[in-house]
Amino acid sequence: MNHITTISKATLLESVGKGGCGECQTSCQSACKTSCTVANQECENK
Amino acid sequence: MIHKYQHGNIMLVLDVYSGAVHIVDSIVYDIIDSYKELSSEEIIFKLKDKYNKNEIAEAIKEIEILEKEGLLFTKDYYEDYTLDNRDTVIKALCIHIAHDCNIRCKYCFASQGDFQGARTLMSEEVGIKAIDFLLENSGNRKNLEIDFFGGEPLLNFEVVKKIVEYGRSKEKQNNKKFRFTLTTNGVMLNEQNIQYINKYIDNVVLSIDGRKKVNDNMRYTQNGDGTYDIIVPKIKKLIESRQEKNYYVRGTFTRDYLDFSQDVLHLADLGFKNTSIEPVVTDPQNLYSIREEDLPVIFDQYDILAEEYMSRYNENRFNFFHFQVDLNQGPCFAKRISGCGAGLEYLAITPEGDIFPCHQFVGQKEFLMGNLAESRFDKSIGISFSKAHVYNKSLCQQCWAKFYCSGGCHANAYHSNGDISQPYELGCKMEKKRIECSLGIQAKLFNGKDVK
Chain A
1 MNHITTISKA
11 TLLESVGKGG
21 CGECQTSCQS
31 ACKTSCTVAN
41 QECENK
Chain B
1001 MIHKYQHGNI
1011 MLVLDVYSGA
1021 VHIVDSIVYD
1031 IIDSYKELSS
1041 EEIIFKLKDK
1051 YNKNEIAEAI
1061 KEIEILEKEG
1071 LLFTKDYYED
1081 YTLDNRDTVI
1091 KALCIHIAHD
1101 CNIRCKYCFA
1111 SQGDFQGART
1121 LMSEEVGIKA
1131 IDFLLENSGN
1141 RKNLEIDFFG
1151 GEPLLNFEVV
1161 KKIVEYGRSK
1171 EKQNNKKFRF
1181 TLTTNGVMLN
1191 EQNIQYINKY
1201 IDNVVLSIDG
1211 RKKVNDNMRY
1221 TQNGDGTYDI
1231 IVPKIKKLIE
1241 SRQEKNYYVR
1251 GTFTRDYLDF
1261 SQDVLHLADL
1271 GFKNTSIEPV
1281 VTDPQNLYSI
1291 REEDLPVIFD
1301 QYDILAEEYM
1311 SRYNENRFNF
1321 FHFQVDLNQG
1331 PCFAKRISGC
1341 GAGLEYLAIT
1351 PEGDIFPCHQ
1361 FVGQKEFLMG
1371 NLAESRFDKS
1381 IGISFSKAHV
1391 YNKSLCQQCW
1401 AKFYCSGGCH
1411 ANAYHSNGDI
1421 SQPYELGCKM
1431 EKKRIECSLG
1441 IQAKLFNGKD
1451 VK
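Chains as they are written, first to last, in this note's numbering: chain A, 1 to 46; chain B, 1001 to 1452.
I should point out that these hints are in silico values taken from the structure, not numbers from a laboratory. It should be emphasised that the depicted structure is a prediction, and the values quoted were computed from it without experimental measurement. Note that the Cβ used here is the ideal one computed from N, Cα and C, for glycine as well. Treat the hints with care, since some could be wrong.
Unchecked claim - Computed spacing ranges between beta-carbons, pair by pair:
{"hint": "1", "chain 1": "A", "residue 1": "E14", "chain 2": "B", "residue 2": "K1237", "range": "43 to 51 angstroms"}
{"hint": "2", "chain 1": "A", "residue 1": "E14", "chain 2": "B", "residue 2": "E1067", "range": "17 to 25 angstroms"}
{"hint": "3", "chain 1": "A", "residue 1": "E14", "chain 2": "B", "residue 2": "E1308", "range": "28 to 36 angstroms"}
{"hint": "4", "chain 1": "B", "residue 1": "Q1195", "chain 2": "A", "residue 2": "E14", "range": "31 to 39 angstroms"}
{"hint": "5", "chain 1": "B", "residue 1": "G1271", "chain 2": "A", "residue 2": "E42", "range": "18 to 26 angstroms"}
{"hint": "6", "chain 1": "A", "residue 1": "E42", "chain 2": "B", "residue 2": "Q1006", "range": "22 to 30 angstroms"}
{"hint": "7", "chain 1": "B", "residue 1": "S1026", "chain 2": "A", "residue 2": "E44", "range": "36 to 44 angstroms"}
{"hint": "8", "chain 1": "B", "residue 1": "E1171", "chain 2": "A", "residue 2": "E42", "range": "19 to 27 angstroms"}
{"hint": "9", "chain 1": "B", "residue 1": "S1311", "chain 2": "A", "residue 2": "E44", "range": "26 to 34 angstroms"}
{"hint": "10", "chain 1": "B", "residue 1": "D1080", "chain 2": "A", "residue 2": "E44", "range": "33 to 41 angstroms"}
{"hint": "11", "chain 1": "A", "residue 1": "E42", "chain 2": "B", "residue 2": "E1042", "range": "41 to 49 angstroms"}
Construct all of the structure, not just a fragment, from the sequences and the given hints.
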């Protein structure tokens, strides 16, 4: 492609299948304590 | 749904429902808004004076291909995916080991340590009950989290050690792994507790707001002296001897000093690699609360930080919590719409053993869920938290960022709007800016693959 570079594919849709094991870190617990970014949490069920 | 924006000289298009992220050129950037409304001919006619016709046609073709591949304009696949009334287990506790504090921070949401109650310390007995409670209610979940929080946890450090020892002794027989975090203001750190913390505590959150004038404006001792000079050498000592173990230095910015990028960079320059800085959460009546009119300055600050993040990237000495995003191995969909799990998977325990949905609801009687000493635990409050996910929040419906923020902080929503399902809009705006910056950084890293 000359006009578009895809840097991340359909990761959200793919994750529905494996989702919800809950082994990941609680998002608020790690550093922020007052906001709720989840996108920077690691999946522990890779 | 798509979201397009510019980060510096890079143009990005996010496809909300697939999670795809694209870097585009100016032709696609100009086409993408009208792509679904106009025919190819109409688009070409509209842009013919700005771009070559063949290039416009080629760009339209590329958008069509990505649409067919499910990477642009994808529909909402998840409307039927329900999280209401889901069966959850508890996996994390915020243990308020001390409702007392040795410093007096002006902005403290915990009423300077006591959470509007008596100044108390948790007993070993209550702490052990908290561990047992978590073991009993965590089902098959292996990874369990305990955050020692306050007040100031080092005021009750002997009980912290007893709880850690007890938790570790229970890991093997229960097939669990505890991850202990300790949040501290740093004032009481010394040779002995640093040694213990670095050996036994998995993550440490060290509170400092940045430059001396900024930190000391809000964080001072009972005598009114700033804490900066006390804590910096101690935090340095802890971090230098921590090796590869996790930590964050965590600050708060307020309206008093909105140039918080300088504080983050100051912390980085002190040698504190992992940083997090958050907007103050407080009553809007307070003069130092963040206002809508402050947003342009705040957005500029995030841009400055993003720029600096890139320029320091090769040095590997600067991690800003909100800029870390893994585009390929991030959290799953369930996590992205349910968020922190407060009231369900994550609870706070007070020194008296009272159970609340999270640390920010502690002391609010309408959110009291039970008491460990009395073996009372009422899950009914958790039901409203279970339903407070992005698909049940009207403000999130048309928001492109919902799968990155998971609908925002329940406590911020409640404290600003009296309803955990009504997000704190000012917080949303800042969160969206942080997400744009973090994805912009990923795009720049992708473009400059030579960056190592």
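Quick rundown of the hints versus the structure:
1. E14(A) <-> K1237(B): 43 to 51 angstroms: 44 angstroms, holds
2. E14(A) <-> E1067(B): 17 to 25 angstroms: Check passed, 18 angstroms falls within 17 to 25 angstroms.
3. E14(A) <-> E1308(B): 28 to 36 angstroms: The hinted range 28 to 36 angstroms holds for E14(A) and E1308(B), with Cβ atoms some 33 angstroms apart.
4. Q1195(B) <-> E14(A): 31 to 39 angstroms: 44 angstroms Cβ-Cβ, so the 31 to 39 angstroms window is violated.
5. G1271(B) <-> E42(A): 18 to 26 angstroms: Hint holds: Cβ distance 25 angstroms, inside 18 to 26 angstroms.
6. E42(A) <-> Q1006(B): 22 to 30 angstroms: Because 29 angstroms falls inside the window, the suggested range holds.
7. S1026(B) <-> E44(A): 36 to 44 angstroms: 40 angstroms, holds
8. E1171(B) <-> E42(A): 19 to 27 angstroms: Because 21 angstroms falls inside the window, the suggested range holds.
9. S1311(B) <-> E44(A): 26 to 34 angstroms: 32 angstroms, holds
10. D1080(B) <-> E44(A): 33 to 41 angstroms: With a Cβ separation near 26 angstroms, D1080(B) and E44(A) fall outside 33 to 41 angstroms, so the hint is violated.
11. E42(A) <-> E1042(B): 41 to 49 angstroms: Between E42(A) and E1042(B), where Cβ atoms are some 45 angstroms apart, the hint holds.
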